[in-house]
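Asks: What follows is the residue order along each chain.
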Amino acid sequence: MLVFAYIARRIVYVIPIVLSVALVCFLLVHITPGDPLVAVLPADASQELAAQMRTAYGFDRPLPVQFGLWLWRAIHGDLGSSIATGRPVLTEVLRAVGNTVTLAVAAALIGFTLGLLFGLIAGYFRDTWIDKVATSVAIAGVSVPHYWLGMVMVIIFSVQLNWLPAVGAGPGGSGAWGWDWEHMKYLILPAITTSVIPMGIVTRTVRALTGDILSQDFVEALRAKGLRELDVFKHVIKNAAPTALAVMGLQLGYMLGGSILIETVFSWPGSGLLLNSAIFQRDLPLLQGTILVLALFFVALNLLVDIAQAAIDPRIKRG
Amino acid sequence: MTVMSDTALQAAPATKARGYWATVGRRISRDKVSMVCALVLVLIFASALLAPWLGLADPYQGSMIRRLRHIGTPNYPLGTDELGRDMLARLIYGGRLSLIIGILPVIFAFVIGTSLGLVAGYVGGRLNTAIMRTIDVFYAFPSVLLAIAISGALGAGIVNSIVSLTIVFVPQITRVAESVTTGVRNMDFVEAARASGAGPFTIMRVHMLGNVLGPIFVYATGLISVSMILAAGLSFLGLGTKPPEPEWGLMLNTLRTAIYVNPWVAALPGVMIFAVSICFNLLSDGMRSAMDIRN
Chain E
37 MLVFAYIARR IVYVIPIVLS VALVCFLLVH ITPGDPLVAV LPADASQELA
87 AQMRTAYGFD RPLPVQFGLW LWRAIHGDLG SSIATGRPVL TEVLRAVGNT
137 VTLAVAAALI GFTLGLLFGL IAGYFRDTWI DKVATSVAIA GVSVPHYWLG
187 MVMVIIFSVQ LNWLPAVGAG PGGSGAWGWD WEHMKYLILP AITTSVIPMG
237 IVTRTVRALT GDILSQDFVE ALRAKGLREL DVFKHVIKNA APTALAVMGL
287 QLGYMLGGSI LIETVFSWPG SGLLLNSAIF QRDLPLLQGT ILVLALFFVA
337 LNLLVDIAQA AIDPRIKRG
Chain W
696 MTVMSDTALQ AAPATKARGY WATVGRRISR DKVSMVCALV LVLIFASALL
746 APWLGLADPY QGSMIRRLRH IGTPNYPLGT DELGRDMLAR LIYGGRLSLI
796 IGILPVIFAF VIGTSLGLVA GYVGGRLNTA IMRTIDVFYA FPSVLLAIAI
846 SGALGAGIVN SIVSLTIVFV PQITRVAESV TTGVRNMDFV EAARASGAGP
896 FTIMRVHMLG NVLGPIFVYA TGLISVSMIL AAGLSFLGLG TKPPEPEWGL
946 MLNTLRTAIY VNPWVAALPG VMIFAVSICF NLLSDGMRSA MDIRN
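If you read the protein sequences in the order shown, they are chains E and W.
My numbering applies: residue 37 is where the first sequence begins, and numbers increase by one.
My numbering applies: residue 696 is where the second sequence begins, and numbers increase by one.
I should point out that these hints are in silico values taken from the structure, not numbers from a laboratory.
Heads up, a few of these hints could be off.
With a straight-line cut-off of 20 Å between C-alpha atoms, the simulated DMTMM-like cross-links for lysine to aspartate or glutamate are [as the list claims (entries may be wrong)]:
(1) W:K727 x E:D163
(2) W:K727 x E:D167
(3) E:K221 x E:D248
(4) E:K168 x W:D726
(5) E:K168 x W:D980
Which chain E residues face chain W? A few, computed with CB under 8 Å, are given here [what the hints assert, rightly or not]:
(6) I53
(7) V60
(8) Y183
(9) V195
Remember, predicted model here, so these are calculated numbers, not experimental data.
Each residue gets a CB set at the ideal place from its N, CA and C atoms; glycine is no exception.
Chain W extracted, bound-state conformation (with noise of 0.2 Å):
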């Protein structure tokens, strides 16, 4: 018994030193549904990744004879797209491009929006209110028409349909970091640094970072939901991609004249653009109920 009770006690302390992450890390890997999400969005990433060594047909390669063949063709598993291309390649193929311009505005708006809530946070005084009034007249907009209006103005493109949404995440973001670093900022560890000597940059840096991230990252992981239907929304209008290039967006568009003759071909890159954003979603969800270890 106290050769046991001693083992516990020593293992006591290196169980609290893996602490939270490790405890929230086991807490996700029991979420089925978390877990499944993981594995479907694994398979997108890896087969787009991997494309190219998949056997799959040429994806820009048309073929005026066999357009628009239905799902379940020899040969074409999924069917032919409207200039008779490989509906399989080129969904699996589009899904470089379409993840691409859905998770990079995430990526720069999460580190430039970060970096401004933690300093507005931090700082606070007048420099917080003005990053945050700033940012207000962002909030003035609805999202959607936040996007097109500078897509719009910019013209079509890749790098400006990338510009327009990250311009459009980068205030929520900063919103979130702001509210979470305001909460942490007065807490008695943070106290301590600054009595004990540390600069802002260092206690923003080394003591507040790691505090804020948790949170906002698990806001941003939810946002590639919301940034994969925009993203391929504005290649929809015919603001992003351009032609031939397969993305699930402007597949869904140049598809839309074949719904008369063939539908559920023409309905087939919404369902990646879907299952991409359920599973971002439902792994957002997941990510905060394991993180909340209250319950």
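With the rest of the complex left out, here is chain E (with noise of 0.2 Å):
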């Protein structure tokens, strides 16, 4: 009963954050320089133009009437037309998002498979060589630039070993994806960098996840009363699971939302390279509903994240 009040109040707790993040996310096109209409006229617009301009874009009322405005149309999904493409902004978005959460995804399964490993091992033979090997792995992980990590990669597997292309996300430069090697081979180094982050942050939580709950009391006991090994590290699991789930979860939020650098480097077709091009292109409403829709994800995936916590954790009593 507990953990649904939990939840209940997290997710009432969630209205006024998404709130907040639109207020935000409306106020980035006005703290840009000058006026926003700028990105949308020609250099050499007239005056009269400008005027009739900013009455059709509704920027000559005052900001709270158009905040509200701006609000009702993104709740009822229209975020704007993007000015280099005219297309509507959430098609766009949402087409780059796929490719994105397909990275994501695949960074995830190796970065968190890694850190357990690498965190559980370094926390069961504290201050042994293999723990020293383990921690040094992911303090690099977290102190790389990832970005350069990138290039590393494609100096060692594109261009010296020619084993892996260098850039985009499939065969003839297209952006749409496929589960086949064809496509795959193009998702194995942006993967493995974006991976390297999360298995060091994995890694340093769960090794001192372990170690803590291995120096209690109970795991003591647990032994004294003659349980097996494995059987101990099964409540040792137990113990660690809402906290790591609760890292990792945050992880795959940073991975998803800061993808910028990576698909950058890789050419990749996701929701960083979209966000890129609206920015070097002054593409205002792109740069505004993808920030948008990439911080709503953030916002859920925390929530998410909460309520398999409290359901999986049963001390999770919270006032």
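Each of the two chains sits in its own frame; use the hints to bring them together as a complex.
Replies: Right, here's the structure in full:
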């Protein structure tokens, strides 16, 4: 019962967050230097045309009214049209997000598996050479500029060895994804590169968790009553799971939202690359829409993680 | 014997007065990893600072006839870049901007975040709610996305990049500062200060600040690692420094086209970012365990 009350409260708490996120995205366009119209108008536009456009886009109304209108349209799935392509922003963003999800899930599979493995081993064999190796790999993972690592991967596996393609998401430069080897080849390098940071963070988290749990009295008690090491291990997993899950959920969110650098290096046609082109073409509706969708994904993911955590952790009784 | 124990007794208060920070300093100076990292950082900082007096080539002077020389070419120990400029000079000069744009946001965020967190944690109540709920909004964005959103909206430039990263780090430092402050607030010595008539500002400045700064400082040191990567990343995307300035992220960007001609020269600027980032991370870890006296 407590869990359900917690979940209900957590869902209600999301509403102001979503509204504030929308407000931040709305204001982004208004912190841009100069008039937000600059991006839409031709450089030699007359005063009248500028005034007409200002009215047409509603920029002449007070900010709160503009926000209300923008929010109302956004709720109905209308994020405006891209200035560069003229297509609806939502269509563009959702198509790109699909590719980002593919990349993030592949990277999560690699990063989380290795992170859990390294973390458990390091936690179990604290202060041995195995622990030192795992910890070093982890700290390198969180300290490496991942866009540079991407370049180095391309240098080794594409330029020198010629094993894997350097850029793109499929043969012939097509943006459409398919689950065959021809496409998978394109996924390997960006996925490994993306997985490095979550690998490092999960390793560090799980190592600390395992170490803490193993030093607690109840583990001593379990061993004293004659439990096999494998069964003790199950208890360790059970105790570490909620926190590890929360960290992994957050990392998945970072991979989805922070993919711009990796996608730029590999020309991976996801939301990051879309964001990149929106920034440099000064395509403000597209910039605003992409950031809004990615942030909402992140909020939703955090909510799911919190709910999952509450469901599997019997200790959660939050006030 | 008596003489000895007498001296020991007299010495005892003195060592105790040196106390906590002296112990932490001694512990960290015995940690080999931390000391190596500190040394590497001092070398990189000093060379960046003293770059004009090191007898290096002009980092801006290019030449079309000696572009993309390999590492180990005579006179060009680290080769030349895509415009024929000396890589060694550019890497060392590049430290100036790269370190500034990487570290300044953390310093700004440290000052702002500590103040906000201290006030929120000490005053509590509605002010705490107001500050912390505002902070929550920024947590609804992945930090890379937030940095790029603000930078992208403000437009390219060093100042904008520093501003956007400061905005990204303020919430994180505020959260740490608030939780540490809340932990210290109800301790007896703060109660005693309050009972003796000290006002809230005096208590915050004199009694709390010294006790909360340590953990926040360690956290901020670790953040420099992230900040270096993000600041160079913004330049790498074209949102930070503008050419022809030497800066590691931008150098990585302009050298990207050269990976088929001279791949290892193209990768060099990333090595510098990596080195600074990992050293700050390890140093932060070292400080954290040195300050954890219980072990």
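Asks: Against chain W, is E:V195 within 8 Å by beta-carbon distance?
Replies: holds (6 Å)
Asks: Is E:K221 close enough to E:D248, meaning Cα to Cα at most 20 Å?
Replies: violated (40 Å)
Asks: Should the interface hint for E:Y183 be scored as holding, given a Cβ-Cβ cut-off of 8 Å against chain W?
Replies: Holds: closest Cβ of chain W sits about 6 Å from E:Y183, inside 8 Å.
Asks: For E:K168 and W:D726, compute the direct alpha-carbon distance and say whether it is at most 20 Å.
Replies: holds (15 Å)
Asks: Grab the minimum C-beta distance from E:V60 to chain W and call the hint holds if it beats 8 Å, violated otherwise.
Replies: At about 7 Å, which falls below the 8 Å cut-off, the nearest Cβ of chain W leaves the hint on E:V60 intact, so it holds.
Asks: For the restraint on E:I53, tell me whether the closest CB of chain W is nearer than 8 Å.
Replies: Since the shortest Cβ distance to chain W is 5 Å, the answer is holds.
Asks: Is the straight-line distance between the alpha-carbon of W:K727 and that of E:D163 20 Å or less?
Replies: Answer holds: W:K727 to E:D163 is near 15 Å, not above 20 Å.
Asks: Keeping to a limit of 20 Å between CA atoms, is the pair of W:K727 and E:D167 held or broken?
Replies: Since the Cα atoms of W:K727 and E:D167 sit roughly 17 Å apart, the hinted pair holds (cutoff 20 Å).
Asks: Given the hinted pair E:K168 and W:D980, is their Cα-Cα distance within 20 Å?
Replies: Given that 20 Å is the threshold and the Cα spacing comes to 14 Å, the pair holds.
Of the hints listed earlier, the one the structure fails to meet is number 3.
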